[in-house]
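A.B. asks: The chain contents come next:
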Amino acid sequence: GQQLNQSPQSMFIQEGEDVSMNCTSSSIFNTWLWYKQEPGEGPVLLIALYKAGELTSNGRLTAQFGITRKDSFLNISASIPSDVGIYFCAGQAGGSSNTGKLIFGQGTTLQVKP
Amino acid sequence: DGGITQSPKYLFRKEGQNVTLSCEQNLNHDAMYWYRQDPGQGLRLIYYSQIVNDFQKGDIAEGYSVSREKKESFPLTVTSAQKNPTAFYLCASSMKYRKTTNEKLFFGSGTQLSVL
Chain Y
-15 GQQLNQSPQS MFIQEGEDVS MNCTSSSIFN TWLWYKQEPG EGPVLLIALY KAGELTSNGR
45 LTAQFGITRK DSFLNISASI PSDVGIYFCA GQAGGSSNTG KLIFGQGTTL QVKP
Chain E
86 DGGITQSPKY LFRKEGQNVT LSCEQNLNHD AMYWYRQDPG QGLRLIYYSQ IVNDFQKGDI
146 AEGYSVSREK KESFPLTVTS AQKNPTAFYL CASSMKYRKT TNEKLFFGSG TQLSVL
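For the protein sequence lines, the chains are Y and E, in the order given. For the first sequence, this note's numbering begins at -15 and goes up steadily by one. For the second sequence, this note's numbering begins at 86 and goes up steadily by one.
Keep in mind that a hint or two might mislead.
[As the list claims (entries may be wrong)] Below are the DSS-like pairs computed for lysine-lysine, each with C-alpha atoms no more than 25 Å apart in a straight line:
1. E:Lys99 x Y:Lys85
2. E:Lys156 x E:Lys168
3. E:Lys155 x Y:Lys97
4. E:Lys155 x Y:Lys20
5. Y:Lys35 x E:Lys156
6. E:Lys156 x Y:Lys54
7. Y:Lys20 x E:Lys189
8. Y:Lys54 x Y:Lys20
9. Y:Lys20 x Y:Lys35
10. E:Lys155 x E:Lys94
11. E:Lys94 x Y:Lys20
12. E:Lys94 x Y:Lys35
13. E:Lys155 x Y:Lys85
14. Y:Lys35 x E:Lys189
15. Y:Lys85 x E:Lys142
16. E:Lys155 x E:Lys99
17. E:Lys99 x E:Lys156
In case anyone wonders, no lab produced these hints; they're calculated from the structure.
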């Protein structure tokens, strides 16, 4: 089945540093979503992307829909302790591969040292 | 406030027992979903429902069953046939089923199921 490769698997950074993570797919996607999950809670939607090349910001978070439509990136600037959590990418295949199902990456665990 | 409510937060299952996880939404969403989350893995789709009285199997439906008798409710039963049920279960909803629209998925706060 379709898979998403999300990297890095985990990050341990100093407060104030910038963070970058990405997801890649073997097939073309027409939607990319980025979620954050805090311990013991459900994922919360951060950013949704619908067009190749689209760049969208939400506060200190910026995400981009890759031009090839096979990848997406999430950047967090000037990290703070409350950024701690697991960040998931999720994508939906396009064209004839579209089943309506979202495919999730394995997640990037972010830890921030004050 | 509108949202998705999952209960209980923690659930323990004895061997051979069926257990039911509750999911209720007051967002007036048509579509509802159940995902399973294991440590270090992405979310895997168990079942989904596009509309009342209709549901389809996801990628890992074996050992699970669902019903959709009301728009607001989509309970998941973990049956004794599911041999490895320990996981974090997440319910989600979207306004419409995603195949025809780019609807955003909203999640509940999850139920942690463990085996005694």
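A.B. asks: All the hints need checking, so say for each whether the structure fits it.
C.D. replies: Structure-based check of all given hints:
1. A C-alpha spacing of about 32 Å is found between Lys99 of chain E and Lys85 of chain Y, which places the hinted pair above 25 Å, so the restraint is violated.
2. For a cut-off of 25 Å, the pair hint linking Lys156 of chain E to Lys168 of chain E is broken: about 30 Å separates their Cα positions.
3. For the suggested pair Lys155 of chain E and Lys97 of chain Y, the alpha carbons sit about 46 Å apart, so the restraint of at most 25 Å is broken.
4. With a CA separation close to 29 Å, the supplied pair Lys155 of chain E and Lys20 of chain Y exceeds the 25 Å bound.
5. Between Lys35 of chain Y and Lys156 of chain E the CA atoms are separated by roughly 31 Å; this puts the pair beyond 25 Å, and the hint is violated.
6. A C-alpha spacing of about 35 Å is found between Lys156 of chain E and Lys54 of chain Y, which places the hinted pair above 25 Å, so the restraint is violated.
7. Restraint check: the Cα-Cα separation between Lys20 of chain Y and Lys189 of chain E comes to about 14 Å, which is no more than 25 Å; the hinted pair holds.
8. With a C-alpha separation of about 21 Å, the suggested pair Lys54 of chain Y and Lys20 of chain Y falls inside the 25 Å cut-off, and the hint holds.
9. For the given pair, Lys20 of chain Y sits about 21 Å from Lys35 of chain Y by alpha-carbon distance, which is consistent with the 25 Å threshold.
10. With a C-alpha separation of about 22 Å, the suggested pair Lys155 of chain E and Lys94 of chain E falls inside the 25 Å cut-off, and the hint holds.
11. Annotation: proposed proximity of Lys94 of chain E to Lys20 of chain Y holds, straight-line Cα distance about 19 Å (limit 25 Å).
12. Between Lys94 of chain E and Lys35 of chain Y the CA atoms are separated by roughly 37 Å; this puts the pair beyond 25 Å, and the hint is violated.
13. For the given pair, Lys155 of chain E sits about 22 Å from Lys85 of chain Y by alpha-carbon distance, which is consistent with the 25 Å threshold.
14. With a C-alpha separation of about 15 Å, the suggested pair Lys35 of chain Y and Lys189 of chain E falls inside the 25 Å cut-off, and the hint holds.
15. Taken as a hint, the Lys85 of chain Y and Lys142 of chain E pair is honoured in the structure, with Cα atoms around 11 Å apart against an allowance of 25 Å.
16. Between Lys155 of chain E and Lys99 of chain E, the direct Cα distance comes to roughly 29 Å. Violation of the 25 Å bound is thereby established for this hinted pair.
17. This hinted pair does not check out: Lys99 of chain E and Lys156 of chain E have alpha carbons roughly 30 Å apart, beyond 25 Å.
Taken one by one, the earlier hints fail for this structure at numbers 1, 2, 3, 4, 5, 6, 12, 16, 17, listed in ascending order.
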